[in-house]
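Chemist: Dock chains B, C, D, E and F against the given chain A, drawing on the hints supplied.
Below are the chains, spelled out letter by letter.
There are 6 protein chains.
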Amino acid sequence: MARPVILFSGQWSDLPLEELVPKASEWGYQGLDLACWGDHFEVQRALSEADYCQQKLDLLSRHDLSVPVLSNHKVGQAVCDPIDARHQTILPDYVWGDGNPQGVRQRAVEEMTATVRAAQKLGITVVSGFTGSPLWSYVGGYPAPSASVVAAGFEEFARQWNPILDVCRDCGVKFAFEVHPGQIAFDLHTAEMALEALSGREEFGFTFDPSHLHWQGIDPVEFLRRFPDRIYHVHVKDAVLTLNGRNGILGSYLPYGDPRRGWDFRSPGHGGIDWEAVIRALNEIGYDGPLAVEWKDAGMNREYGAEDACKFVKRLDFDPARPPSGSAFREA
Amino acid sequence: MARPVILFSGQWSDLPLEELVPKASEWGYQGLDLACWGDHFEVQRALSEADYCQQKLDLLSRHDLSVPVLSNHKVGQAVCDPIDARHQTILPDYVWGDGNPQGVRQRAVEEMTATVRAAQKLGITVVSGFTGSPLWSYVGGYPAPSASVVAAGFEEFARQWNPILDVCRDCGVKFAFEVHPGQIAFDLHTAEMALEALSGREEFGFTFDPSHLHWQGIDPVEFLRRFPDRIYHVHVKDAVLTLNGRNGILGSYLPYGDPRRGWDFRSPGHGGIDWEAVIRALNEIGYDGPLAVEWKDAGMNREYGAEDACKFVKRLDFDPARPPSGSAFREA
Amino acid sequence: MARPVILFSGQWSDLPLEELVPKASEWGYQGLDLACWGDHFEVQRALSEADYCQQKLDLLSRHDLSVPVLSNHKVGQAVCDPIDARHQTILPDYVWGDGNPQGVRQRAVEEMTATVRAAQKLGITVVSGFTGSPLWSYVGGYPAPSASVVAAGFEEFARQWNPILDVCRDCGVKFAFEVHPGQIAFDLHTAEMALEALSGREEFGFTFDPSHLHWQGIDPVEFLRRFPDRIYHVHVKDAVLTLNGRNGILGSYLPYGDPRRGWDFRSPGHGGIDWEAVIRALNEIGYDGPLAVEWKDAGMNREYGAEDACKFVKRLDFDPARPPSGSAFREA
Amino acid sequence: MARPVILFSGQWSDLPLEELVPKASEWGYQGLDLACWGDHFEVQRALSEADYCQQKLDLLSRHDLSVPVLSNHKVGQAVCDPIDARHQTILPDYVWGDGNPQGVRQRAVEEMTATVRAAQKLGITVVSGFTGSPLWSYVGGYPAPSASVVAAGFEEFARQWNPILDVCRDCGVKFAFEVHPGQIAFDLHTAEMALEALSGREEFGFTFDPSHLHWQGIDPVEFLRRFPDRIYHVHVKDAVLTLNGRNGILGSYLPYGDPRRGWDFRSPGHGGIDWEAVIRALNEIGYDGPLAVEWKDAGMNREYGAEDACKFVKRLDFDPARPPSGSAFREA
Amino acid sequence: MARPVILFSGQWSDLPLEELVPKASEWGYQGLDLACWGDHFEVQRALSEADYCQQKLDLLSRHDLSVPVLSNHKVGQAVCDPIDARHQTILPDYVWGDGNPQGVRQRAVEEMTATVRAAQKLGITVVSGFTGSPLWSYVGGYPAPSASVVAAGFEEFARQWNPILDVCRDCGVKFAFEVHPGQIAFDLHTAEMALEALSGREEFGFTFDPSHLHWQGIDPVEFLRRFPDRIYHVHVKDAVLTLNGRNGILGSYLPYGDPRRGWDFRSPGHGGIDWEAVIRALNEIGYDGPLAVEWKDAGMNREYGAEDACKFVKRLDFDPARPPSGSAFREA
Amino acid sequence: MARPVILFSGQWSDLPLEELVPKASEWGYQGLDLACWGDHFEVQRALSEADYCQQKLDLLSRHDLSVPVLSNHKVGQAVCDPIDARHQTILPDYVWGDGNPQGVRQRAVEEMTATVRAAQKLGITVVSGFTGSPLWSYVGGYPAPSASVVAAGFEEFARQWNPILDVCRDCGVKFAFEVHPGQIAFDLHTAEMALEALSGREEFGFTFDPSHLHWQGIDPVEFLRRFPDRIYHVHVKDAVLTLNGRNGILGSYLPYGDPRRGWDFRSPGHGGIDWEAVIRALNEIGYDGPLAVEWKDAGMNREYGAEDACKFVKRLDFDPARPPSGSAFREA
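Protein chains in written order, with the working numbering: chain A, 1 to 332; chain B, 333 to 664; chain C, 665 to 996; chain D, 997 to 1328; chain E, 1329 to 1660; chain F, 1661 to 1992.
Pulled out of the complex, with its shape left as it was, chain A reads as follows (with noise of 0.2 Å):
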């Protein structure tokens, strides 16, 4: 199909954006999924400089990139979640401030207004990111949350991000919220709940990354059949289970790549989603925006496997059926 294939520039941000897009070009990529850390994008900059966004969509250009999304996760993070000193280490200093967590989550909501009007700025309809959650820490631990704490929690959640969702409206950007454990929402239910708490508003939808719902025990394209109208963008990550009785799907504490864990991430193809099953319900819900590759592989080089996958998505595209006018042979 005609969607583009693009790179996440998260996973990369230890390269200046100078070094990573000749690269990416190289490996077939189309466009950026831009990331608003390292040096990729930077928010305030995009804002107060005249041509900060100009020279970034010129140095794309040059090796014919285009960026189609903006993402800021480790910011958006802030916006809801109980904060603590893990905060400090994803937040720029003038978000994290005093780490005072009330001012924290402020300055959170004030930054992802900043990313929204910077995304307008250049061009772009479509940022992607995490929201926080106020209720993480309860999933499957001890005692479970009653109803009222839950629905409590979802309600915070609305009352933060909707003056982001309100800017939203105004710049005509929509805001792709990763449905990702840690967030507000990580699975069907809670992404019911989530559009639910916001009244269903159009500025509010989904960046869909099967990986997350794959080692949940989740069918990805259940979730595209459920929300066919609010796939805002897709991430395109692997990730296999490595249950062998010994492991536990909840992943010990121990870092990616150690065999002891219950699942793993991986470079798309090399893991156990079923990508043909996510084209045909891409392709049946009219899904036309870019495939943007995030990855990640502990067990692999990572520029060999960026090339890989690349050359993985544009192989597993494909269009969907165009009848052909007249009659045939329709059964045998």
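Honestly, the hints are just simulated from the structure, not real lab data.
No false leads were mixed into what you were given.
Sample of chain A residues facing chain D (criterion: CB under 8 Å; computed from the structure):
1. R280
2. E284
3. P320
C-beta atoms are modelled at their ideal positions from N, C-alpha and C, and glycine is treated no differently.
Modeler: Okay, now just chains B, C, D, E and F, sitting in the frame of chain A:
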């Protein structure tokens, strides 16, 4: 085998012990795993009132019930957890106090110490319970905890629990920690880490409850084979996977019994656990303590279920081989 | 649960009812689902003879059997089927008449109407049966029917059955159509279409027989969850897949019991159906009608099997949870 | 292997043959399995016009395409089917005539005879097609056909087809009947019965299309091993099971491509068939005829798919072992 | 069914028969499959002492036990095996003699002949046992045996066994060879070859023990369907696969009960065999001989297990259908 | 990865090396694992003729092939096997001699010693091969070997092989024993026992060939994780299970390629082995030696297959991760 089949009283604390005891006896149980909440067993009264313990023992013995284990999961949870509003609902007022986290944790340590002393007074050598966890909220979420964060969490666990275990040592009591999501250990690797954090001290072992392992994709038998000399208590509780492509393993914050959950608890023998394999492995490692039914099943009448479970466990439990002295035909 | 376990008399019509009734009672059944063929129940005599119904009820009650359901599958089959020679073998002579298709269908409508009135006379509120189908011969074959052909078939079904359902409404009787290959509906989607064709009128619901769904690869529980308020009757019949690479799911026109078939019927509990899941789902949707064993198993002595089945169903059926009033320990 | 990879033209009859031929050649095909409908091949013109056949052969040969097989499924369907309105849509007007069933069947016999003669004129030795079936409507339905009904159906099949097969014998042509639901045979047992009804005459063998066997739960390799000397033609078509608990194997009268179906056709290599095993079994039995792609996939652009399929089959097909003359190391 | 449930005495030869008989009777058995070792049955005394046989029969009959089968696996093993030190441990001294292989094999032939005559004296028509094998050591190893080596092995088998089978014929006794690894036949193909080597003589059939087939990945029911008229005896023994990625199917020379083995024997109903399918297939082929429990389970107390097994088999065994004379409703 | 892809010459010994070398080079191989039979490599000539080795090296180097491994499975087999007629077919005449077992074994020891010295002369540091086994004939058979019999077998193995390994030590050569049925070790446990019998001396490690483990039900990755520092050589050979209920895992003495076998060898990538997992595990343990294709597939043309296999392995092999110096986004 001669292992007594007993009932964990924790799920029945809405009934006065006077009411539960004759029922348990009638259902066929040979003893109770007595919970330190409701009126089943009150730790402070046990220590301060001269005949409290004896009255409890008399009540049980009138119905031919033994009490080989005392359980205090609720207070144990607070020992090294990040304290929040949920804990108020599970703690005695005098442990919660003003709710200041540091103080709550300190009082929880003291109450667990008291629990150990009360067990000694009852003539019980095994206390079962939870530990809480400084790390649980990082499971599966974002950003993943670094190795040093994980190490610090296990150190805090050891710091909080070592004083309690010192009292265990002095009182001749073992603490049988229930490996369970939300606790310091919930699978094989984290159980190894917990033992290591305590330098393997003998007072600390496990309450083996296969239901929590089963839904994580772990074979419970592998747990028994990894820790053959640390199985200090056994809960008989079943679980079932209900993955149909739409349900997720993390449960979506849905209550037990909701068909949209990815797993659920079940009355023993009504779930997915291979109990025959569990019994054979218990025989292999020489476990001869009680088998305590922890009855939870949101889809079954609990009195029917408690009786059904007792019969199931008695039917299930068989003696290991005692090889005959003479030689025999060994192969055909 | 208090659901009565009854026997569907249809497979026993070679025995006079006088002979079957004491056997059924001895095997442990609490009632019959009475078939309108053989001498079990003759519709025209029931309407024309003053004491026919009362004599039947007396016979049953002498053996403590109730009769909550009347079944007339054979005549129902002819209501909207393309009539051919096969139908003569299953219809009373006065319904077959000269065998002219249009006339046979018309007389079948009248006989089903009479069946409903006879049920009312017996004090029965559920009539179970087949519908026939104008579309069945197109299943899986060539050429596939167009959407308009399918629509026309469902319209014909509605045209034929609405008059019968009008009488149902007047008599306070529900028609429990058995979803079954060969009938207007045989799976979830066709059941939806049948309800839609009848504008969802309440007189029309389903006899749920999981065996027919199982061999089609359908989870019977999904049927119950899709139509929770349309389950008017339940057949307990099991089925087994016998696919070994050489057998086909369509059965090769081979009789039941032939090992070359791809599936077969089985005595309840001797096949592949997850009965525990079925009972839990019946509890969930609040079904409290009878559980009627429809006994078919080409590999088992039927009298042995009928008794075995009755015991199986009684052992299987359990009450749903009635949550205790007080609060209890809910998580460990 | 040297087996030619060809395209079955039946699904492309909306395109004039002039248009299809250069496309097929460009996609990599080496020949066509030519359909007797659309303008691809007109039987009566072939017999009555002197140069019709040669012109077709010339057109193909200009693009280096051979034509080893002629197919006439649509007329074959009418030879022993119960004729109804559906048949009018697939038959030439002169075969349908007044639509009187007996006459239609008779004219279908004559047209199939003509097809065989036309094949001979083209220099083709294999005609592929359907048979129709007097028995299909009884599959899976109610009441099941008795053994004598089944026997009568196979007799009728033989009565109708023997005259056509006599002409085959005279013309040196084999009829490769496509085993397929809706036809006289659709699985192993019915294929045995069809052969038996014809006393195993050599003119009658099979077009092996594994897709129809796969969704019935049959291993296509077992078919090849059962009828090693009756495989007269091979269709390469894939199929996929899409059973998710709610979909049924009988398809619910839903069109291909609807996600609520229990199975669907797929472009070769995009479904569930183990093609490697099929190729190995074809090698085992020594089949050296063409591999004809019958392209059907409701979820893929057909021109993309036809080319993809041709490459897939060429990549797949490999030579069997030719053991070396000398002895070698055979075991490590 | 009326098939007697008996106990194979071979695994109990450490107990004097006087001790075993009352136990077996108490456990519920109806007879013994009597082993020719220990003091259970001594072949030479049976032939030389006038009342030896009658005394054995009297002992059994005092406890209502029949003896329909005599077993001599240990001596049978030596008939065509390459003799080595292992055989000394299983043979009577007078068969072992000086241990010269040729002489041992010859004396084993004579002892098996004596066994057949002793059976006749006891009134028994089935002798069960092993054959040994000249080929076993080549299974799976290196270098693989050539076709001529295999053929020679089967010829040797026939040469050694034909004289014994001649005596069988004369005495009206059948030899029920237990298909088993280590023997001339251990699966379907080798069983066919063994029959062929003996030209299918009727004195030679099989003791069907599904446990040996199960761990080889063979469906025991397929064995019954392949050799329906050669099932002369049945052993009821279960087996379980314990493959976890680390264990191997060949058993690593580890003793039964070691968790590192890839398979193990189990008490009937405690392993992986589909006993329901076995019983149905035995009904299909009309086997009406005894069902002999051969009790082996390294993880269970053997007296508990022997009783449990007897109850299991009695519960399992049911009569095949006896179709009713009249016609009935056959389809719903 | 930079691991060279080479071809094991053993299966091609019917071709003179002069003929094989250019083919191997053309197919894409980078070297040979050279077999000591046929004319590929003659041990005695290598030691006695001055320029024999150099000529072999020159031949290879003219076609850019290296020779990192020398293989002598056939002679190794005789070192501690019970010698019988089969061995004559695989041994050089001067090793077989008069065929007296003790002498054959002694000469096999000497020939293996010579092989090690010849390897040194070629500049090769790894000799691959078989060991034979005094125990193999006891696998799975009757009676099972006692623990002391097993221990004696491993002692004999050590006694025979230690002198050869002493020469290995002196020559700087490692012996890479191919774990394989028929040898002293064939799975994880027996491999542990073999190492133990040799007190873990470093000259002895393994040729890892996953095909032999796969059909035994063992996950080859578990072998690599158990012996990470003993993988001295790798064979790339695939295998497939063909269990269909009738075939057995022990192979029925049938030749490769017979569809009645329960498993078979396959060209790499055409069987059931998870090669991606194997490569990842080889990366994990840091194996950087050659990947030697041992090509065996009874259903494929061997020249086609050898080329296909070389491409497959090159496509498969990828570098492990080299983590970037800077920090990056690690979780989404």
